[in-house]
Every structure is written in C-alpha cells, then in structure tokens.
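Undergrad: One line per chain: the protein sequences are A and B, in this order. If you number the first sequence the way the numbering used here does, the last residue is 389 and the count never jumps. If you number the second sequence the way the numbering used here does, the last residue is 1235 and the count never jumps.
No lab work stands behind these hints: they were computed from the structure. Owing to the predicted nature of the structure, the values given are computational and were not obtained by experimental measurement. There could be a bad hint or two in this list.
[Stated by the list, open to error] Which chain A residues stay away from chain B? Per the calculated CB distances, all over 10 Å, these:
id, residue
1, F12
2, F15
3, L21
4, S55
5, T74
6, G149
7, R164
8, V229
[What the hints assert, rightly or not] In silico DSS-like links for lysine-lysine, alpha-carbon gap of 27 Å or less:
id, chain 1, residue 1, chain 2, residue 2
9, B, K1013, B, K1118
10, B, K1151, B, K1083
11, B, K1083, A, K2
12, A, K343, B, K1013
13, B, K1118, A, K3
14, A, K361, B, K1083
15, A, K361, A, K270
16, A, K343, A, K270
17, B, K1013, B, K1173
18, A, K361, A, K343
19, A, K2, B, K1173
20, A, K195, A, K213
21, B, K1013, A, K2
The beta carbon of each residue, even a glycine, is placed where N, CA and C say it ideally should be.
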Amino acid sequence: MKKTSSFVLCSFLAFLLCAVLFHTRASVSLAFEAEQGDRSVLNTIAYQGDIATLSGRVSFEIRNGSITTNLQETKSYMEAKHLAQKAVPTDHTNDPFQLLLYDLNQELTPWEKTQQNVFDHCGEEQQSYASASIGYLLYHEREVSIDTGLSLHANDQLSITRKRCAYQDNEYQDAVTLSSFDHERYFRKEALSVKTDNVSYFMPLQTASVHGKNYIYRIAENLSVQPLVELPEGRAYEELHLANDQLIILAHDDEAFYVMIYDQLGSLLKQISYPYRYHGASMQSFSTTRYLLWQDDTTCWIYDSVSMAMQELPLSDTSLHLQAAAEQQDDLFIAAQQIQDGKHYLHISAYRNGERIYHGKILLLEYRETTEQAVKYPVDIVEWGYFVR
Amino acid sequence: MNEMLTMMEQLCKDSLRSIIVGSLMLLPIQYLLAVCYPTLDSFLMVVLPFLLIFALLNLIHARRCRTMIQQQAYQRYQLLPIKNYCVLLSEWLFTSASYLFLLFLQYISWFLIYQQLKSSFPMQSNTFYFFSLSQLWLHPLMSFQFFDLIKILLLLAMLALNFTFLHMTLALKNYRGLSILLTSVCCILVIALALSAKGHLPLLGIMVALTVFAFLELCDLLGIRRGGQPYEKDK
Chain A
1 MKKTSSFVLC SFLAFLLCAV LFHTRASVSL AFEAEQGDRS VLNTIAYQGD
51 IATLSGRVSF EIRNGSITTN LQETKSYMEA KHLAQKAVPT DHTNDPFQLL
101 LYDLNQELTP WEKTQQNVFD HCGEEQQSYA SASIGYLLYH EREVSIDTGL
151 SLHANDQLSI TRKRCAYQDN EYQDAVTLSS FDHERYFRKE ALSVKTDNVS
201 YFMPLQTASV HGKNYIYRIA ENLSVQPLVE LPEGRAYEEL HLANDQLIIL
251 AHDDEAFYVM IYDQLGSLLK QISYPYRYHG ASMQSFSTTR YLLWQDDTTC
301 WIYDSVSMAM QELPLSDTSL HLQAAAEQQD DLFIAAQQIQ DGKHYLHISA
351 YRNGERIYHG KILLLEYRET TEQAVKYPVD IVEWGYFVR
Chain B
1001 MNEMLTMMEQ LCKDSLRSII VGSLMLLPIQ YLLAVCYPTL DSFLMVVLPF
1051 LLIFALLNLI HARRCRTMIQ QQAYQRYQLL PIKNYCVLLS EWLFTSASYL
1101 FLLFLQYISW FLIYQQLKSS FPMQSNTFYF FSLSQLWLHP LMSFQFFDLI
1151 KILLLLAMLA LNFTFLHMTL ALKNYRGLSI LLTSVCCILV IALALSAKGH
1201 LPLLGIMVAL TVFAFLELCD LLGIRRGGQP YEKDK
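Please build the complete structure, drawing on both the sequences and the hints.
TA: Printed below as a string of structure tokens:
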C-alpha cells in the first residue's frame, strides 16, 4: 500500500483503538467485599446511588446481586465553574412546609429563612434578635399558615441575625442567618410530616433552643389544621414516623431517649424509654411498613410495630451510619455508610427475624489527601442512595 | 476510489513527513509540562499545546495547497481523465486523517500524563476515570460514552472540510473572506460545544449547515458542481 493511504488507514485505526481503550479504562467498577451470607437474598430488592463530582455524575445500581455503573452526565467547564463558585439556592418549591420566623415584637412579615451564602450580595447592616416566633406555611393547593406558639431563642451557641440580601436581579429581602449546629438542622429538616391516604400529620422539630409547648398537628383533607396531641414539655422532638398506622415519635431529654407511640386519634399506645446522653450528633431514622429504625451515637435500634417491641440491631461495625432501610418479603434491608481513612464504604445488610443473614460492603470512593503537588480536583460527593423495588 | 487514492498520494505525500513530525511534537511538550508543572491547569497543559499543533498542521496543509497551485499540479490533474471530485475528496480525507493522527497522539499523551500524575491525584479508586473526568477542558476530546465517539468523528469531519475549504481558497486566492468567516464561525461553534453542556443539537445543526454550505462553495470553486466553473489560472 502507498505511504499516504497507509497513513490515512493507520490514523483512523489508531484513533479508534485509543478511543475504545480510553472508553474501556474510563469506567467505574465497583465490587462487593468481605461478604457474609448468600448474596441471592438481595435479588428481591434494588439499590441506587450516585458518585457525583463537580465535573460529572456516575450512578450505580445494585440489582439481582450485581453492580452496574453508568455515567449520567458530564458537566461543562462553565457549569462546574458556576457550581464551584456559588452554593446553589435551596429549592423550596417541593417542600410541603416552609418554616417562617417572625419578629415577636415588631412585625409580622415573615423573614426569608435561608443561608446567607446563596445570595449574590448582602447589605452591611445587620440586626441581631434574642428570639423569634416560629410558624409554618403549608403549600397544598392553597397556602395555609400555621402558628405553632413555639419560639426560637438565641443563646451562647445560637445567634439569630437578619440582613438585607438579594439575588442578582431581585429586590432585597430579609435573610435570617442562624448559627450553631441546632440550626443547621433547621435548614435540613424543619418540619416532620407523615401522610396517610387523606390525612397528614406534622410535628415541628424541637431542639433545646426552641421553647414552648409542642403538638402533633392533624391536617384534614380540607386543609383544616388541628392540634391532635399535646406533647410533654422539656423534650427535644427529633423524628415523626408512621408505621402500621401508628404515629411514632422519637424524642430525648438530658437523661433518656423516648419512643412514643400514638394511634391516629391521638391516644398514647405505648412509651418506651432508655437511658441516653445527647452528644449533639445528628440522628438518622428510617421507617418501613412495619419497622422503624434509628441510630443514636453508635447503637442501632429497631422498633417492630406489630409486636410493639424494640431491640438493638447488630451492625457489623460501630462506625457505620444508617443510610436507608427497606422491607421486602419479611426481610429487612439496611444500607449504611462508613468513611474510614478516606475510604467511602457502602454496607448492605439483610435481616430476617432480627438475625443478620447477609452483609457485604462496596468501596465507592477512596480519597486521599495528597502532598503539595496535589492535582487540583473538584470536590467529590457520594450520594449514598436508597432502595428501590 | 483508486483514482482518489492515487491523487492523494501524488498531492499529499510530500507533506506527510512534516505532518507526522509536527504532530509528534505534542507528546514531549505535554509530557514535559506534566513533569515540570504537575499542578498546571489542563487547559495550559493539554489543550493549549494541542491547539498550537493543530494550528501548525493547518499551516502545513495551507502551504501544501499553495505549492500545489503554484506548481500548477492541480491544473494538470484537471486535464486528466479522472473524476473531478477526486481532488476534493483526497484533500478532505488527508486533512481528516492528519487530525485523527493528532487525536490519536493526544490519547497516547493523556495515558502518559496519567501515569505521571496519578500518584498525586486524590482519588485512589477508579483513578483513571475520575482523573479524566476531572479535566473539564478535555471532555470534548474524550470518548466517555459511545455517543461521544460519534460526536468527535462528526465534528472532526466537519472541521476538516471547513479547513480544506480555507486551505484551497487561500491557495486559489478566491472566496478567501467567506472561507475565513465560515472557518472562524465553525471554530467558535466547536468551542461553544466544548464549554456548554446544553444546546448541543442546535449548535451541531448550525455547524452541519455551515459545513454543507462550505462544501457547495468548495464544489463551485473546484468546478465540481454542475454549472460551476473550474478554476483557471488567468481567471
């Protein structure tokens, strides 16, 4: 063959070879490690999660006991730059409840509760408040405002400040900045609600900085809001769940942890308590049709709504944090996350009658702090995922 | 086909060596940058040398076309009993092949850069994947998915045609303004495709339309279209 023709053919074949080689090598492979039990128990359920970076997002799925990965999107340079520079404003449009904070003494206009860094610019002037009244706005066909009678009080760890801030083109609005861990939680999980076929129940999150009597509220189909149960004072109310038609509340005070079980008419069916010392850790809890699971510090507990009994659930490691739970054919499946020496593990376990019948872990990411010659890399995020049918 | 390959052999073989040597310069430049400046942004380490070599390749092609016209090689081939689109296709194919060769070297260079920098990369699992994914400037050159490969080949073919139009018009000193405008718009579209995540299809559509226009103009210029006048030296 002549020189030029050979060059054309070789260039094309070499390019194709390299592109295919790149495509083969540039894929995420995940595998189960340290398995105990028969993995076939996972055949009845699937699990989905994401490994997201500023430059792209890879989803993974566990189905029929095998793991598949898929590149969902690659970010463009402009998108990644935008993401790196600015926090994305929280989209509240899908939240059924929006927390409103009012100035008790002066005005009734609710403040825009948000994190200051989502705004493009804020004024210099700021005002501090000792307390603020807590209300909720319910978005469902029409707006319904709920006055809870609770109030938020500033203390050593919490400050309530208000600034005039604005997005790029919008008018200035009041932005309330809350400090301290307690109020980080307010931004994530401000109202706890459960829904049956035609009735919803909700309970404001109550922490040590929130004073006043707390209630479980019942929201009827016509959006009328009635307090259903007055809750004991002096407790921090962390979670509200619905399992097997029981309203289950997780609460604690300085000495004990409480599991309070009500029926849907507001009668207390049972209260379980155990000694507990709050360390300020964020609590995770998950409910299935039958079970409620939660983790305080290092212990994982499970409440069975049929037998109305609570027991400790053995996790393979105390450094695990509950991530998701699901129930399928009398088997309980739990996903837990573990970050150890920069390794991000996802643990999948299956339980039958309180006994663990399967456990396996998957290394999602291994992240290592590098030396001064570190290559610049956008922040990585593991979105740990959830169970799907 | 044989006529076209023969034509390509005759018209292009003289610049083959300079194209190969010029493209091969990519490897030492990028590798040395990776060794000496490991924290350099991927634009400066990879994309800028790539663009410089790309520009150099086009200079070589433009010079080749100019020599071809000056030595009246093209005019002589017009007198031969061969199909009149052979010159256009051979030029397009050779330009595309030179770009493919450069992309092939870019992949090789990327593998070398990865070997050099992987130890200082924070992600230690699936490292090659995340290393490549983190280099945002390189996404347009990398085939993460099968569709990317198709897109790269399509863009490359369109760019090659537009640049062929530019090389020929510069050599023939005809339609120069139009070809410079078309090629510039195509380059801007390629950059827009590289930088934006959305609107790929409209951008690709505009680029296809411009390329078709460039192709028709090139056919006119070379006298391939019915009614088109072949180039004459004293025109």
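Undergrad: Give a verdict on every hint.
TA: Right, here's what the structure says about each hint:
1. F12: Check fails; 6 Å does not lie beyond 10 Å.
2. F15: violated, 4 Å
3. L21: violated, 8 Å
4. S55: violated, 5 Å
5. T74: Violated: least Cβ distance 5 Å, not greater than 10 Å.
6. G149: holds, 48 Å
7. R164: holds, 34 Å
8. V229: holds, 49 Å
9. K1013(B) <-> K1118(B): violated, 39 Å
10. K1151(B) <-> K1083(B): Measuring from Cα to Cα gives roughly 31 Å; hence the hint is violated.
11. K1083(B) <-> K2(A): holds, 20 Å
12. K343(A) <-> K1013(B): violated, 55 Å
13. K1118(B) <-> K3(A): violated, 38 Å
14. K361(A) <-> K1083(B): violated, 66 Å
15. K361(A) <-> K270(A): violated, 36 Å
16. K343(A) <-> K270(A): Not OK: K343(A) and K270(A) at ~41 Å, beyond 27 Å, violated.
17. K1013(B) <-> K1173(B): holds, 23 Å
18. K361(A) <-> K343(A): holds, 11 Å
19. K2(A) <-> K1173(B): Distance of about 31 Å is beyond 27 Å: violated.
20. K195(A) <-> K213(A): holds, 23 Å
21. K1013(B) <-> K2(A): Status holds; Cα separation ~9 Å.
The structure shown violates the earlier hints numbered 1, 2, 3, 4, 5, 9, 10, 12, 13, 14, 15, 16 and 19.
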